[in-house]
Amino acid sequence: MTIESKTGESKMGINRRATLALMGAGAMTVAAPWVARAQAKAIKIGMPTILSGRVAQLGTSSRNGVMIEVEKLNAAGGLAGRPIEMVVRDSKGQPQEAARIARELVNTDGCEMIIDGEASSGSFAVQEVARDLGVLCVHTCSEASSLTADPKQRIPNAFRCARQGIHDSIAGGNYAAAIAKAKGLKKWATCSPDYAYGRDTTAEFVTYLKHFAPDVEIISETWPKLFQPDYTEVITRILQAKPQALYSALWGGDLTSFIDQANLYAMFTQMEVFAVNMADYTALTVVKNLPKGIHSGNRYIKTFPATAENAAWGDAYKAKYKEYPTNWSWQNATAIMLLNEAAKKAGSADGKKLAEVLPGLTVKCPFGADGTVTMRAEDHTIVGYAIGWGTTIPTEPYVPEVKAGDWKQIFELEAQWKKSKGYA
Amino acid sequence: MDFDALTGCLVSSACIVTQTTSGLIIGMLLFLVAVGLTLIFGVLKIVNFSHGAFYMFGAYFALSGYQLTGSFIVALLCGSLGAAAIGLIFERFFISRVYGRDVLMQLLVCYAFVLIFDDAVKLIWGPEFKSMGMPAAFQVPPLFIAGGVVPPFYLLLVAVALAVAALLGLGLARTRLGKVIRAAAHNPAMVSALGVNTALIYGAVFALGCALAGLAGALAAPVRSLTPGMGFSVLIESFIVTVIGGMGSILGALIGALLLGLVRSFGSIGFPLFTDGLMYLFMVIVLVARPTGLFGKDLA
Amino acid sequence: MSELQADRSSGRVVAGAGQRRSAAGADLLIAAIGFAVLVSLPFLFSSKALVDFVIRCAAYGLFATSLNLLVGYTGLISFGHGMFFGLGAYSFGLLMQRTGLSIPAAFVLTLLISAVAGLVIGAICVRLKEIYFAFVTLAFQMLIHSVILSWQPLTGGDQGLRGGIPRPVFLGIDLGNQLHLYIASCALLVVGLLLMRQIAQSPFGYTLRMVRDNATRASFIGINVWRVKLAVFVLAGMFASVGGVIMSLFVSGAYPEFAYWTISGEGIFINMLGGVTTFIGPMVGTVLLLILNDTATRLTEHYGIILGVVILFFALGLRKGLMDFVVEWYAERRDKASTRETST
Numbered sequence: 000m001t002i003e004s005k006t007g008e009s010k011m012g013i014n015r016r017a018t019l020a021l022m023g024a025g026a027m028t029v030a031a032p033w034v035a036r037a038q039a040k041a042i043k044i045g046m047p048t049i050l051s052g053r054v055a056q057l058g059t060s061s062r063n064g065v066m067i068e069v070e071k072l073n074a075a076g077g078l079a080g081r082p083i084e085m086v087v088r089d090s091k092g093q094p095q096e097a098a099r100i101a102r103e104l105v106n107t108d109g110c111e112m113i114i115d116g117e118a119s120s121g122s123f124a125v126q127e128v129a130r131d132l133g134v135l136c137v138h139t140c141s142e143a144s145s146l147t148a149d150p151k152q153r154i155p156n157a158f159r160c161a162r163q164g165i166h167d168s169i170a171g172g173n174y175a176a177a178i179a180k181a182k183g184l185k186k187w188a189t190c191s192p193d194y195a196y197g198r199d200t201t202a203e204f205v206t207y208l209k210h211f212a213p214d215v216e217i218i219s220e221t222w223p224k225l226f227q228p229d230y231t232e233v234i235t236r237i238l239q240a241k242p243q244a245l246y247s248a249l250w251g252g253d254l255t256s257f258i259d260q261a262n263l264y265a266m267f268t269q270m271e272v273f274a275v276n277m278a279d280y281t282a283l284t285v286v287k288n289l290p291k292g293i294h295s296g297n298r299y300i301k302t303f304p305a306t307a308e309n310a311a312w313g314d315a316y317k318a319k320y321k322e323y324p325t326n327w328s329w330q331n332a333t334a335i336m337l338l339n340e341a342a343k344k345a346g347s348a349d350g351k352k353l354a355e356v357l358p359g360l361t362v363k364c365p366f367g368a369d370g371t372v373t374m375r376a377e378d379h380t381i382v383g384y385a386i387g388w389g390t391t392i393p394t395e396p397y398v399p400e401v402k403a404g405d406w407k408q409i410f411e412l413e414a415q416w417k418k419s420k421g422y423a
Numbered sequence: 000m001d002f003d004a005l006t007g008c009l010v011s012s013a014c015i016v017t018q019t020t021s022g023l024i025i026g027m028l029l030f031l032v033a034v035g036l037t038l039i040f041g042v043l044k045i046v047n048f049s050h051g052a053f054y055m056f057g058a059y060f061a062l063s064g065y066q067l068t069g070s071f072i073v074a075l076l077c078g079s080l081g082a083a084a085i086g087l088i089f090e091r092f093f094i095s096r097v098y099g100r101d102v103l104m105q106l107l108v109c110y111a112f113v114l115i116f117d118d119a120v121k122l123i124w125g126p127e128f129k130s131m132g133m134p135a136a137f138q139v140p141p142l143f144i145a146g147g148v149v150p151p152f153y154l155l156l157v158a159v160a161l162a163v164a165a166l167l168g169l170g171l172a173r174t175r176l177g178k179v180i181r182a183a184a185h186n187p188a189m190v191s192a193l194g195v196n197t198a199l200i201y202g203a204v205f206a207l208g209c210a211l212a213g214l215a216g217a218l219a220a221p222v223r224s225l226t227p228g229m230g231f232s233v234l235i236e237s238f239i240v241t242v243i244g245g246m247g248s249i250l251g252a253l254i255g256a257l258l259l260g261l262v263r264s265f266g267s268i269g270f271p272l273f274t275d276g277l278m279y280l281f282m283v284i285v286l287v288a289r290p291t292g293l294f295g296k297d298l299a
Numbered sequence: 000m001s002e003l004q005a006d007r008s009s010g011r012v013v014a015g016a017g018q019r020r021s022a023a024g025a026d027l028l029i030a031a032i033g034f035a036v037l038v039s040l041p042f043l044f045s046s047k048a049l050v051d052f053v054i055r056c057a058a059y060g061l062f063a064t065s066l067n068l069l070v071g072y073t074g075l076i077s078f079g080h081g082m083f084f085g086l087g088a089y090s091f092g093l094l095m096q097r098t099g100l101s102i103p104a105a106f107v108l109t110l111l112i113s114a115v116a117g118l119v120i121g122a123i124c125v126r127l128k129e130i131y132f133a134f135v136t137l138a139f140q141m142l143i144h145s146v147i148l149s150w151q152p153l154t155g156g157d158q159g160l161r162g163g164i165p166r167p168v169f170l171g172i173d174l175g176n177q178l179h180l181y182i183a184s185c186a187l188l189v190v191g192l193l194l195m196r197q198i199a200q201s202p203f204g205y206t207l208r209m210v211r212d213n214a215t216r217a218s219f220i221g222i223n224v225w226r227v228k229l230a231v232f233v234l235a236g237m238f239a240s241v242g243g244v245i246m247s248l249f250v251s252g253a254y255p256e257f258a259y260w261t262i263s264g265e266g267i268f269i270n271m272l273g274g275v276t277t278f279i280g281p282m283v284g285t286v287l288l289l290i291l292n293d294t295a296t297r298l299t300e301h302y303g304i305i306l307g308v309v310i311l312f313f314a315l316g317l318r319k320g321l322m323d324f325v326v327e328w329y330a331e332r333r334d335k336a337s338t339r340e341t342s343t
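Residue numbers (numbering that gives the first Met the number 0), protein chains in the order written: chain A, 0 to 423; chain B, 0 to 299; chain C, 0 to 343.
Some hints here could point you the wrong way.
[Said to hold, decoys possible] With a straight-line cut-off of 25 Å between C-alpha atoms, the simulated PhoX-like cross-links for lysine-lysine are:
no., chain 1, residue 1, chain 2, residue 2
1, B, 129, A, 287
2, B, 129, A, 321
3, A, 40, C, 47
4, C, 128, B, 44
5, B, 129, A, 224
6, C, 47, A, 351
7, B, 129, A, 291
Don't read these hints as lab results, they were simulated from the structure.
It should be emphasised that the depicted structure is a prediction, and the values quoted were computed from it without experimental measurement.
Just chain A, same shape as in the assembly (with noise of 0.2 Å):
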């Protein structure tokens, strides 16, 4: 209810209307103060996100996963008793914009926490927006490793609710070793758009691959920019090179445009391909010849964990929303999960007391590996949620078997990266 309040309130937002209106409550709670104390004051969280342009529906998605949340929680009595108020805007994917969207949410909507649902560069600026106010920031959509693994990065209010590309990578080295071994893949070529999260996480894969199954060589890299509508001579390349195997990077509608495109070229009946992105409902509803087999890891699937809880959340999710949820919706909605039980047992929605209990804090919640995830205490980002890898095939549910992730050889082996990046 608070959050179709807040809209009809912006919308009149700058007309004399409104300005009459703002007057008259001032007015109200100036005579009548015990209506304001009567109700516990809404807590309004600020999100700045992408609506617009090419990964619009990074922000859609994100809200959603907000949104399913913040109205169950609402009905249920709210952050520790108080409402949640959702304010929600676009900085249409530019940092600068996202820094002064942050700050403004802050400063000028009186929000006392930011879910910050923003990629690549625009966390990192909005990072510097959380390190400056001391606002208890949680971003839910950045998987770039240095955001908190780095601890010239990281700073005590600021958590990430989202995947990591280290995590993948580990479980996805040891699936791919597996059958690398079996199937006597050798030779491999890699295929990954062109920044950070591309390049981090296609690094981290090759290591545990060849950590995994030593005998491994990588005899080609393509690095397609980042939206590039077109892959053919990248294709070309990887067909040159004749490897047994091929790992992409890529995601969504560029992931989806490879497909079409690598099609035309029967690269799929020459390779085994392993694509961590593909198991994302927003790729496989859209692809329409999805070939046979591709091994993925997991993003969003109702089928994986295969609970009762996690499949009654996707199905919820998609009654609502007319789609299947995305890779950031369930991240987003764990986000407000953590918050939630981060104010029961501080018995407090005041943005600093969160941020003292949150490092540790485990929740239920469906997507986690064993019905739970961890805000992990040491560097402030979410472990134990589901990991795994699996075949995909062209109908739902579309990766019938995950090889579930084992997060204890995660741990381990993350540890040592982190070593090696002079991280700890």
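Model the placement of chains B and C on the given structure of chain A, informed by the hints.
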């Protein structure tokens, strides 16, 4: 930089054939967009900054047409005619008001429509990306020509683009309408004084340019994902093509598009991480050496 | 280019030295008053948003006004001016993160770097005319953007300069404090505008107008057109980079988007919005665009449609920038008043 790979490719015939054909494929689709851009500039003296949006409209109209009828031919028609119709409305009601005005004003009007069109597509078709899927007729294995791999769908694409180039070239050079268009490009006041309706010519040329961009979008729809704002990267590339080839020159657009395709396909081997930079560098060099582009100043 | 030229209708001759000096005095007075007003704002209104708003106005305002030196005064339509905005942000950010220099030293070095870059790029670009100049500057902009993305070890690639820009205290000024940053930005804005105003009103400024109106005639009377254009290109680039420095301090980082063509596009749009026939037009345009941007993002996620319609209103409705409109309206009224006086 990887010179070994580049020299390695240049001594292998399979590599040369494959990369040259992929350069051709990239280039010909670019040509379809760029030739509309250059035609509009040549006749109307307008740098149509919103040209990418018509490529986008072509793709989305083709998608809707294909979903309704299941016919790729209908999809192509929907794409090009839909883009042409929007182009005509755009030209008659908005662009025609800025003829002869400052180039910045023209750009600004186009920029306004880039913003509006992108948001309109987001409202109509939704923010999520779409894919049309390959028509069944083209779901066939690729051909092998001289050791290189060539998908049949791309043969169609190249054939259509070449046909368009030939028709445009011949049409402008030989037909009466072509002569009038060339005359209008050269001296609109004179043509108008001779009793020719220049407004009609301008509208027709603008719609034709948009139809070509729409055709390119429709042809690309089976292999490229559709998103609001998808026209932008294509606009930038076709813009480079027209500048290199010479604004207003159809032959220039053809040569420029092929050159750029080759720069991309061989650049991806020699300079895999700087392919885009290479394109801009190429553009700077051409502009400095020959500001009007390789084939500037003459239409067709 | 006829409709977009600074001081088009004035037709005044170059003012004498004495007049110039008194005009400069008046500018100085206006600047001092402007600075005083700006500095007093945060003490009168306790709005933090206002502080942020003015800092961004300073960054974009310097950038847009410097672009007007090229577009309005010299008739050089640059589509790549944003490269200097990005260059300023990156040079300053990198110097602060990597060298441990003091802020003033890094600032001066940033100006030098921009000047050198402007000299090299300008030497190539200003030989081209009209639309080709626009194209080649755009190409350079995209080239620099690609280099920033590709030169990952230095620039951080697409993630930009991360981890915040250190701001060691100098002369008692702590730019980590938003109020100090505010005052410093206002000072840079006012000084920058004052300097650009002096450039525009100097004999050099009138040479620029002459080059714009008729380059051939200018070269006949012994003006080296190439050198004049290059000089103003370098100067404009330096002022634009100061805008970039302010922006990098505001967001405590530098991102490739700062060097993308959209920044140049915004600069041009600001100029069109405010009008290029007056010196203050781009500054008015900056305030307008930022207010428009901030309210539109508050109210809707369909920002593109709103901005598009506003652009159309200015381009097709008013057919000129706001300040151009105001100036013409004022001149018309004055003319009417004077004819009425003479008739009675």
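Which of the listed hints are not met by the structure?
-> none
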